[in-house]
Each structure stands twice: as C-alpha cells, then as structure tokens.
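**Student:** Chains as they are written, first to last, in our numbering: chain X, -7 to 275; chain V, 141 to 470.
Derived by calculation from the structure, the hints in this document are not laboratory data.
Please note that the accuracy of each hint is not assured.
What the hints assert, rightly or not - Only pairs whose alpha carbons sit at most 25 Å apart, straight line, appear in this in silico BS3-like list of lysine-lysine:
1. Lys170(V) with Lys252(V)
2. Lys267(X) with Lys181(X)
3. Lys240(V) with Lys64(X)
4. Lys94(X) with Lys83(X)
5. Lys240(V) with Lys164(V)
6. Lys176(X) with Lys250(X)
7. Lys383(V) with Lys279(V)
8. Lys134(X) with Lys64(X)
9. Lys6(X) with Lys279(V)
10. Lys6(X) with Lys277(V)
11. Lys252(V) with Lys240(V)
12. Lys64(X) with Lys307(V)
13. Lys307(V) with Lys421(V)
14. Lys279(V) with Lys170(V)
15. Lys267(X) with Lys307(V)
Unchecked claim - Which chain V residues stay away from chain X? Per the calculated CB distances, all over 12 Å, these:
16. Leu181
17. Gln212
18. Asp339
19. Gln356
20. Thr367
Please read all numbers here as calculations on a predicted model, not as lab measurements.
Think of the CB as a built atom: it goes at the ideal place given N, C-alpha and C, for glycine as much as any other residue.
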Amino acid sequence: MNSSYNIINKVLDKNINILYEPTNDSFDSLMASLPINIVSKNNNMNSCLYYDCILLNNWQKHITNRTAVVSKHQIIDILVFHDPCPDNFKKEDKIILQNNLKTAYKIFPTAYINQTWSIKGEFSIHINYGIPFIVENNTPQKNIIVVNTSKNEIIFSLYRFLKNIYPDTDILVETYTSDDFIQKLKEYKIVIDLTNSYNNLLAVASGAQVITNSIIDTNLMSPIIIQDISVIPNIIADTNTLYRHSKSINNDQKYLIKQYNIDTFRSSMTNILQKIKMEPFTL
Amino acid sequence: MGNLFVGPYRQNNIIGLTSRTIFKNLLESKPSTEDLICRNLFIDSTVVTELSESDIISHEAYSNQKINTLIQHTPSNAIYLSKYLDNNICIPILNNQVIKDEDLYRLSMCTKVLVDTLLMYQRLSPYLNNIHYIGYKPKLNLASTKDINLGPFHSTYKFYFIGSFAKNRDLLFDLFISFIIFSQTNDNISLVIILSDIDKKDLDTLQNSINSIYKQLDISNVFIKITCINISNNLSSIIDYHKYNDVYLNINEDNYGSLNRNYAKYFGKDIIDAHKLVYEKVFIRNNISNYDGFLTPTQYSIFESLITHVSKNTNDQEQSSTPIETLVWN
C-alpha cells in the first residue's frame, strides 16, 4: 500500500518527486529540466517508488478515472491543458469538468489557453511555457518540414501530398528535446505543425514561418492559422516566394523570449510543485 | 524537535474516531519543545468526514522542522520504515486476520509497537520485543446528544456490542446463539447490538435471523431479548449508548482497538474482554477467504464469558497499560 509511503515521504523527503504521465513530446524535456525527480508511469515503477503528486497531460483521460487514481495513491493531481478549449465544448460540459476536477490543480501554459478555458479559482494556475532560445537571422536552406510527432495518418497524407509538389519536404516524427527541436526546425523556411501549442511556440522560436491549426498566442503575428488542411498547398505556394527574415517573425521571437522565459517557467513550476508537495491530501 | 503523526483521522468511522482520539492525547500531552504535525491516510475513502476540530486541522500545516519521530496509526501492511528516522513508533490497526510474517517483520523494525488491546498484546508479544500495551484517554465530546430509551429493554440488564456490521457478521451470529441460550437461565437481561455501515434492509434481515435462531433452538412464546440499532449516520451517539447500557462486549472483529472499551470504562461499565475468549483458526470469515486464516472466538467461549460475568466468578486483576504519552514523548 504505497499511499502511506507517499503521504509520509511528502513530509520527510525535501526533494520534489512527481509521478508523471509523458506527452512523448518536447514538453517532457521541459519538465525534465526542473530540479525534481520524475517517476514515469510508463516505466511501471510506481509500485516501488513514492511521489508527492501526479502530473498528467491528458485531462480527457484523467477525468473518467480520477477518483480511482487519486484515492488509490492519496496524492494531489495536476493537469496541464496543452490546447485551447475546443470551439464545440458546451457550457454544461465545462461545468461538469470543473466539478469533476474541483480539487485538481489545473495549469494553463499560455494566456490564450487560460482565456479560452476560463476556469477560475485557487486551483487554476497560469504559468507560461518556457522557450529555451530563439534563432535570429538564420538562412534556412530547406523548404518545408511537417511535424508529426503524434504520428497522425491525416498528417502523413498531407506530407506525402506536399512531397509530390515539393520533393525536398521532410517529416519529423521523432521526439526531440526543446533545444534540439528548435535546432532541427531552424533548417526550414516553413514549418507545418498541427500538434500542440508548445511545439508551435518552439517552431516560431526557430525563425520559421509556422502554419498551424490553432491560435497559439494572440500577440503572435507571424503564424498562419488554418481551419482546413486542404488550403495548405495554396498557402505555401503564396508564401514560398515571400519568405524572408520577415519582420513579424522577428518581432514574435522577441515577444517569445520575454513572455516565455524559460527561467521564469522553471522557478514558477518548481514553486507550485513545492507548494503542492506540502499540502495534505483531502478528498 | 519535529514529530509527524499519520493516521486515518479524517474517516467517519470507529477507526477515524480512534485516530482523532490518539492524536488529541498526543497533542495535549506533548512537551512545549516538541512540534507535532499530522497527515491523514485514508484506509477507507468512502467514509470521509469534514473535520471540525480546528486543533487537528491547524496541525496539518507544514512545518519546516526536520522530523525525528514518526508516529503511524496504520494497518500493519502499510507500515513505513526508514533508517533516517530517530524514532519510528507504530500503532498498528489490527483485525481478526492472522498477521503475516512480512507484517511481523515490519513491526519488529519499528522502534516501538503500541497496541491498545490486551488481546493483541498477548498475541504479538511472543514475536516482538518492542511491543507495549498502551492506554489513552477518551477525548470526544462527552456531553449527551440525546436521551435513549429502548422501550421494553429499558429496565433490563443490558449487554451491548458496537461495531461494523459487514465485518462482524459471523461473530454476531455466534453471539446471538450464545446469548439466546444464556438468556434461558437468566432473567431480565437483554442484548443491544449497535452497528455502523448497515442499511434498513440489512437491519430487517438481521432481526429476522434472530427470530429464526429462536425457532431453530426450539424456543417459542418468549419475549425476544435482542435489539439492533443503526448508528451509521450518527457515529457520535455511541457515547449515549455507552451511558445507557450496562456491560460492554469488547469482542468485535473489525478493529481491535480500545476506543469503545475506554468509553465503557470511563462511564463505569462492566466489560467482557476479547482476550478472555478462546480462539480458533478459520479460513473463511464474513464471506471473505484468507490463505493465512482468521482467529475467531468460539461460540462456547462467548457463552462461557457471559456465564462467568454474571456469576462474578473471576479473580482477574486487570493488566495495567502504559499511558501513550509516556511511550511517545520519552
């Protein structure tokens, strides 16, 4: 019964230990850069290690089995909302969600995500993602890369279609650290990234022209937001000849480095985890 | 010095009340140089209570002090061990299951093991050198919440039992038989069964099974001397039942803890104790099977304890317990 170990070690052990459900994306490397110990659920080590809280990146999965997980381990749960609230999410559903997750800590890592969810209260926290660096004044030699870390079949189809037109189109399916992700993307003029907000921000940081399907941050001017992926070839045909070190990309990068400061993310997130660690668990 | 108490004090059942009582005993007896913080551990998350006692809640706040002593009121299979603690005191929550070797090992690795029933002290002391028999003061609000009158049972000599229905089902059956036979030669007595976690349907079934026991024993045309009461929604009324009844049957199998025994003693009631019964091993109890077995009192020894009580045929001196604060704060 390791719940007693969790409860006691929260007080005895000064380290922060979190049970973490990975995203298998660059956000994992951001968490790994914190001064905390991570126990990954995928490693199936939770039977022999203890942890102070559980951090999850998929709220939809958690909402259905929250009571079982949280009661079983008697630890506080934290959810990170990586995407804005869907347009078709009804008000009643939002109320149900809020009730089900009343005592879970909810982290909204961009102002836009925070605003669309609009869940207030002491358990709702806005901490901006951390971007490690920006790439200024680079001159990418390659044209297009399609990010498909989620290995989505529709995006694979898009890649194959584009490759017929632009033979040097590449696809990125592996997971990189946030630093390496930026380094990889800086080689391309255009990044098509339909994955998640954090990857989108890294893509903007790399200096590329980003095409994505969701608003990342309302203050970012350079990303092209599309509703339907079928328009992508037309957009590329327009932008390919227009790509330069565009002023809006430069301005966005300056905005990113200020608003998404990685040291601020690290200290804010660590402080929140430290605070949660010290709280007693109550149902 | 920093001390941490861990126990199910936020549970709304007898174990929860016991944990709160133990914590309050420690809190009120601790030297001023000692810090005491507490953390709740849910053993049963379906019985949560809103804690109203601000003295307990305030001690949930985090202290930056290094913790030297851990006092854990936990089941024996959840005992925390660490070589970094100066003092690791365990108050195990035990029941009728035969204790496993690995749990005995964990207990042996604690600095002290404190048990609050003579039954468990006698059962475990052949295996543990660090075991102590402790007592603590009842700390719940002792003012009456209501007047009780059990109608036809009011002026009888009332034996009473308090416990969980689900975890004492088989014991209750044995108790009913023993008591019914006993009552054939003793007048003006009754048996009051006070149960938590029972609903109206089960209560009716229980009363029906009492009637059928009378029939099976071929006893008819008698006044039925057993009544069953549900206190699921009002746990604190056990105080009122302690005051009202006469002889507390400290034999329940769900929690070998002394909370109710302490209250019975506080109100000057006679007590029939579990450690005076004879136990046998069974492998299925209350519809649960266990490879290591359960130790359960024999029906005959329950009957015999009732006889012994009324004949006052006992010379036993009660073995004295050590106050819990003496063992924790020294």
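**Student:** Hints numbered earlier in the text: which of these fail when held up against the supplied structure?
**Tutor:** Numbers 2, 5, 8, 9, 10, 15, 16, 17, in rising order.
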